[in-house]
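Next come the chains, spelled out residue by residue.
There are 2 protein chains.
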Amino acid sequence: MHIPTFDDVEVAHKRIGQWTHRSPVLANSHLNELTGANLLFKCENFQKAGAFKARGACNAVFGLDDEAASRGVTTHSSGNHASALAYAAARRGIRASVVMPTNASATKKAAVLTYGGQIIDCEPSASAREAAVAELVANTGAAFVHPYNDHRVIAGQATCAKELLEEVDGLDALIAPIGGGGLVSGSCLTRSVRSPKTKVYAAEPEKADDAYLSMKAGKIISHDAPDTVADGLKVPLKDLTWHFVSRYVEDILLVSEREIIDAMRLVWQRMKIVVEPSSAVAVAAVCKSKEVFAGKTVGVILTGGNVDLDALPWSSS
Amino acid sequence: MHIPTFDDVEVAHKRIGQWTHRSPVLANSHLNELTGANLLFKCENFQKAGAFKARGACNAVFGLDDEAASRGVTTHSSGNHASALAYAAARRGIRASVVMPTNASATKKAAVLTYGGQIIDCEPSASAREAAVAELVANTGAAFVHPYNDHRVIAGQATCAKELLEEVDGLDALIAPIGGGGLVSGSCLTRSVRSPKTKVYAAEPEKADDAYLSMKAGKIISHDAPDTVADGLKVPLKDLTWHFVSRYVEDILLVSEREIIDAMRLVWQRMKIVVEPSSAVAVAAVCKSKEVFAGKTVGVILTGGNVDLDALPWSSS
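Protein sequences appear in the order of chains A and B. Here the working numbering is used: the first residue of the first sequence is 15, the next is one more, and so on. Here the working numbering is used: the first residue of the second sequence is 15, the next is one more, and so on.
Treat the hints as calculated values from the structure; they're not laboratory data. Predicted, not measured: the structure shown is a model, and the values here were computed from it. Among the clues, some could well be false.
Calculated pairs, DSBU-like style, for lysine-lysine (alpha carbon to alpha carbon, straight line, at most 35 Å) [stated by the list, open to error]:
| id | chain 1 | residue 1 | chain 2 | residue 2 |
| --- | --- | --- | --- | --- |
| 1 | B | Lys252 | B | Lys230 |
| 2 | A | Lys28 | B | Lys310 |
| 3 | A | Lys211 | A | Lys233 |
| 4 | A | Lys221 | A | Lys211 |
| 5 | A | Lys310 | B | Lys310 |
| 6 | B | Lys304 | A | Lys123 |
| 7 | B | Lys310 | B | Lys211 |
| 8 | A | Lys123 | B | Lys310 |
| 9 | B | Lys230 | A | Lys123 |
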């Protein structure tokens with residue numbers, strides 16, 4: 015297990031600077047009144063390819079030597095990591111082949127194709143996608159870039175909290191949604207070196223509460239096929255992210271599907287920005303757990319803005 | 015007719031600074047590729063009360079002497095000027111009474127109430143709303159603040175272009191949607207003093223093309239009851255805005271309802287920000303009239319972000 019260090023984060027930040035945005039940090043008076051906290055939103059919905067995933071993907075892709083890069087890259091992902099990897103590969107001028115489940119959203123598939131990525135369909139199960147990737151690696155020699163259980167990816171995602179901590183002094187807490195845990199792991203890594211007093215919280219859907227249960231149990235627990243509107247948060251922790259999450263996360267806060275949708279709508283209505291349901295999970299947790307955050311300065315990572323505008327969750331609810 | 019000067023704009027900018035945002039200017043690589051222009055979006059959708067209208071309303075409200083202010087303010091408006099005036103009045107601690115047509119959007123009515131404004135319903139016709147306002151002024155002595163045909167309002171809206179021109183050098187063109195013409199007039203006023211080489215364009219829905227027809231005819235032409243998805247742009251020019259528009263606007267560009275909706279969706283999808291249909295009219299014009307803007311540096315004012323999330327125009331189309 016290759017555990018990334020903060021040196022890796024600094025290298026990553028230099029490496030990806032040319033290919034990623036330093037995303038803006040926004041505040042909103044209505045949300046501050048609502049929560050009693052001083053909330054600072056790191057807007058990764060404005061990131062290249064529409065999500066923080068561009069950071070880890072660019073770090074992995076631009077860290078390859080020329081010979082490895084020439085064989086292309088591959089991954090399995092139902093969403094933002096897929097398009098981020100396609101984006102990074104296109105910038106480097108190499109091939110990206112992405113294994114996507116047949117039930118992945120049309121918008122996210124379209125994004126992969128926009129960046130010139132190749133999609134390989136597979137059944138929506140862990141075994142099917144792993145088999146598909148293994149076959150692809152065997153045939154092409156492409157470099158596999160796991161969506162989160164990869165030291166290069168975690169070091170890349172860690173640059174998000176690095177930018178936020180560089181811009182904002184005295185952050186009492188930092189909260190991000192947790193799926194596989196790449197962003198939360200990176201945030202823990204940065205915070206340990208740059209701002210040890212900042213507490214890191216993770217927010218998770220009740221209907222995909224595997225990280226919460228893992229923390230309770232002291233070992234990784236994974237759900238078979240969780241179903242939540244926060245489609246980026248269905249995947250379980252793996253050894254590398256478990257390393258960070260189990261040691262450095264202050265607490266994991268759960269929110270219901272209704273709370274996620276309401277928070278997403280609140281952000282659109284009041285902040286006038288487009289965020290996807292997974293982003294709203296962190297906002298929902300801050301709105302729900304007022305006693306944890308009131309009176310505090312809190313960084314909230316809005317992870318992405320890739321939404322199917324024809325299927326908004328409040329239209330069907 | 016009291017024609018505002020750039021001195022009035024400078025006074026306005028100081029007066030409203032405490033109550034309005036200096037809104038951000040965003041760029042987007044996809045939209046640049048699409049149009050061949052260097053587009054800089056002045057994001058008034060992030061403005062207080064969700065639209066540039068807060069500028070003019072705050073200038074009018076905070077410019078009143080104490081005695082006049084004590085009798086409150088009033089206006090007629092189907093939308094953003096109404097909530098902007100209620101917002102400004104609330105900040106000053108005075109009463110705002112707004113005459114709104116019975117067919118005004120529920121979201122925009124709710125915004126007025128949120129800021130503590132009082133709504134007086136009227137039939138959706140010019141004569142009905144003018145009668146209702148006249149009665150209110152007679153009864154209460156409230157100061158009437160016209161949505162656009164008012165020198166204080168135009169001077170306030172002019173601060174938007176002032177900020178943009180302070181932030182961006184060498185703007186070849188500036189484009190904004192046109193309804194009553196308050197924002198376009200203010201933009202002309204600022205540009206005449208600060209950047210005479212910058213050409214001002216107005217964008218208008220084909221289905222509410224009264225400003226376009228007025229320019230052709232050389233006199234104000236108004237439609238009886240135009241119907242467009244860009245609900246902020248249904249009102250006609252008046253003498254004060256005609257003064258600026260007839261003299262200083264380079265051209266008025268027309269766009270169809272389909273083009274407006276497509277541009278709105280494009281901004282949401284690619285820029286990840288929530289803009290209302292009226293804002294999208296300017297974007298649609300830039301996308302449509304490529305020959306006018308290609309190779310140029312163009313400021314585009316995104317006027318507002320107040321949208322009914324339950325009735326998005328592409329859901330019904």
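Broken hints, numbered, in rising order? Per hint list: 5, 9 violated.
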